[in-house]
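Trainee: Given these sequences and hints, build the entire structure.
Chains E and W, in that order, are what the protein sequence lines are. Taking full-length UniProt numbering as reference, the numbering of the first sequence is continuous, increasing by one, and the terminal residue is 188. Taking full-length UniProt numbering as reference, the numbering of the second sequence is continuous, increasing by one, and the terminal residue is 188.
Do not take every clue at face value.
No copy is singled out in the list; a pair is fine if it fits within one copy or between any two copies.
[What the hints assert, rightly or not] Keeping only pairs whose Cα atoms sit at most 30 Å apart, straight-line, the calculated DSS-like set for lysine-lysine is: (1) 51 x 121; (2) 182 x 121; (3) 182 x 51; (4) 155 x 182; (5) 155 x 121.
It is worth saying that the hints were derived from the structure and are not from the lab.
Number of protein chains: 2
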Amino acid sequence: MGRWEPNARGRLAEAALQLYSEHGYEQTTVAEIARRAGLTERTFFRHYADKREVLFGGSDELRERFVQAVTDAPPSAAPIDVLAAALDAASGLFTERRAHARRRQAVIVANAELLERELIKLSSLSAALADTLRRRGVAEPAASLTAEAGVAVFKVGFERWIADAETREMAQVMRETLDELKAVTAGG
Amino acid sequence: MGRWEPNARGRLAEAALQLYSEHGYEQTTVAEIARRAGLTERTFFRHYADKREVLFGGSDELRERFVQAVTDAPPSAAPIDVLAAALDAASGLFTERRAHARRRQAVIVANAELLERELIKLSSLSAALADTLRRRGVAEPAASLTAEAGVAVFKVGFERWIADAETREMAQVMRETLDELKAVTAGG
Numbered sequence: 001m002g003r004w005e006p007n008a009r010g011r012l013a014e015a016a017l018q019l020y021s022e023h024g025y026e027q028t029t030v031a032e033i034a035r036r037a038g039l040t041e042r043t044f045f046r047h048y049a050d051k052r053e054v055l056f057g058g059s060d061e062l063r064e065r066f067v068q069a070v071t072d073a074p075p076s077a078a079p080i081d082v083l084a085a086a087l088d089a090a091s092g093l094f095t096e097r098r099a100h101a102r103r104r105q106a107v108i109v110a111n112a113e114l115l116e117r118e119l120i121k122l123s124s125l126s127a128a129l130a131d132t133l134r135r136r137g138v139a140e141p142a143a144s145l146t147a148e149a150g151v152a153v154f155k156v157g158f159e160r161w162i163a164d165a166e167t168r169e170m171a172q173v174m175r176e177t178l179d180e181l182k183a184v185t186a187g188g
Numbered sequence: 001m002g003r004w005e006p007n008a009r010g011r012l013a014e015a016a017l018q019l020y021s022e023h024g025y026e027q028t029t030v031a032e033i034a035r036r037a038g039l040t041e042r043t044f045f046r047h048y049a050d051k052r053e054v055l056f057g058g059s060d061e062l063r064e065r066f067v068q069a070v071t072d073a074p075p076s077a078a079p080i081d082v083l084a085a086a087l088d089a090a091s092g093l094f095t096e097r098r099a100h101a102r103r104r105q106a107v108i109v110a111n112a113e114l115l116e117r118e119l120i121k122l123s124s125l126s127a128a129l130a131d132t133l134r135r136r137g138v139a140e141p142a143a144s145l146t147a148e149a150g151v152a153v154f155k156v157g158f159e160r161w162i163a164d165a166e167t168r169e170m171a172q173v174m175r176e177t178l179d180e181l182k183a184v185t186a187g188g
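Mentor: Printed below as a string of structure tokens:
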């Protein structure tokens with residue numbers, strides 16, 4: 001990327017989110033997103049495959065954050081504690097991002113195609129987590145179940161974190177949500 | 001449906017699965033499915049919206065089975081025990097269906113579009129479960145977490161049940177998988 005397009009990726013993502021919020025996802029074109037960002041369509045396509053992917057530019061980083069935390073956990077840690085550490089690490093990505101997350105979620109839930117893409121993102125996250133847990137020596141089905149539990153907590157915790165009245169940090173909401181899952185499965 | 005087309009819906013589903021297994025999902029047309037079933041395209045479209053939906057004809061019944069079991073559970077039952085009963089009830093749908101389930105799964109995992117549709121099915125199941133639990137008076141986030149845990153157990157348990165060497169009944173595999181989830185979340 002040339003120096004004449006500083007943070008083109010972030011500017012395109014912000015412009016897209018603005019336009020999707022203002023006019024709807026369906027009604028917005030790549031040309032409009034590029035114009036709003038002060039960039040060309042060509043630059044858009046250097047960063048994103050299409051107008052859907054611009055909303056999922058952080059998926060790889062999120063997955064990497066989870067995977068790295070699972071990899072870095074002490075060898076003796078139980079899978080559920082590894083998961084807790086990973087949720088904590090992933091929450092760090094969202095610091096100061098709650099307003100953005102709320103706007104993004106409002107766009108996503110209004111469109112079936114985007115909701116599908118979100119499901120694929122979470123499924124890919126679960127697969128990566130299970131794979132990383134297996135590489136730590138966690139057997140099946142514990143690895144897959146821990147991964148699915150992690151994505152469940154992330155999904156439910158995320159919705160709580162972006163709720164209107166919520167002011168606590170994401171890491172705290174995730175810890176509480178994981179504790180709630182433990183209580184539920186313990187029959188509490 | 002006329003009496004001259006007995007079990008048209010089931011015949012179309014079986015014909016579609018045969019063709020998808022033989023020639024691939026992409027390569028198969030609705031006309032070929034109808035011909036294999038000895039029916040017309042018009043009849044196909046009376047039963048299914050498109051060639052993708054023919055693989056998901058049982059989704060509503062599965063969701064209904066889960067929801068009915070949750071609704072019917074004793075008012076005093078803890079959410080996790082309600083979930084166990086629902087997994088048991090849902091397993092009843094798959095009696096004598098393992099060979100079919102294996103063939104279907106082989107088609108699904110070979111195609112990204114079908115995998116997406118499967119994710120939507122499971123997401124819709126989770127939403128219905130959470131909704132039914134809330135109507136039983138289960139608070140949030142327990143309702144959503146129980147529902148997500150249920151879908152996680154169903155998904156992982158289903159994969160175990162269709163594994164090559166597996167011979168146990170689905171209900172038993174689901175019970176064991178739920179127990180494994182409890183062990184994982186308890187830190188075991």
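Trainee: Now tell me, hint by hint, if it's right for this structure.
Mentor: Hints, verified against the model:
1. In this assembly of identical chains, the alpha carbons of residue 51 and residue 121 lie at most 30 Å apart whether taken from the same copy (16 Å) or from different copies (25 Å).
2. With identical chains, the CA atoms of residue 182 and residue 121 are at most 30 Å apart both within one copy (24 Å) and between copies (26 Å).
3. Taking CA atoms no more than 30 Å apart as the test, residue 182 paired with residue 51 passes in neither setting, with 39 Å inside one copy and 41 Å between copies.
4. Proximity of residue 155 to residue 182 under the C-alpha cut-off of 30 Å is found in both arrangements, the shortest distances being 16 Å within a copy and 19 Å between copies.
5. In this assembly of identical chains, residue 155 and residue 121 lie within 30 Å of each other by CA distance both inside one copy and across copies; the values are 11 Å within and 17 Å between.
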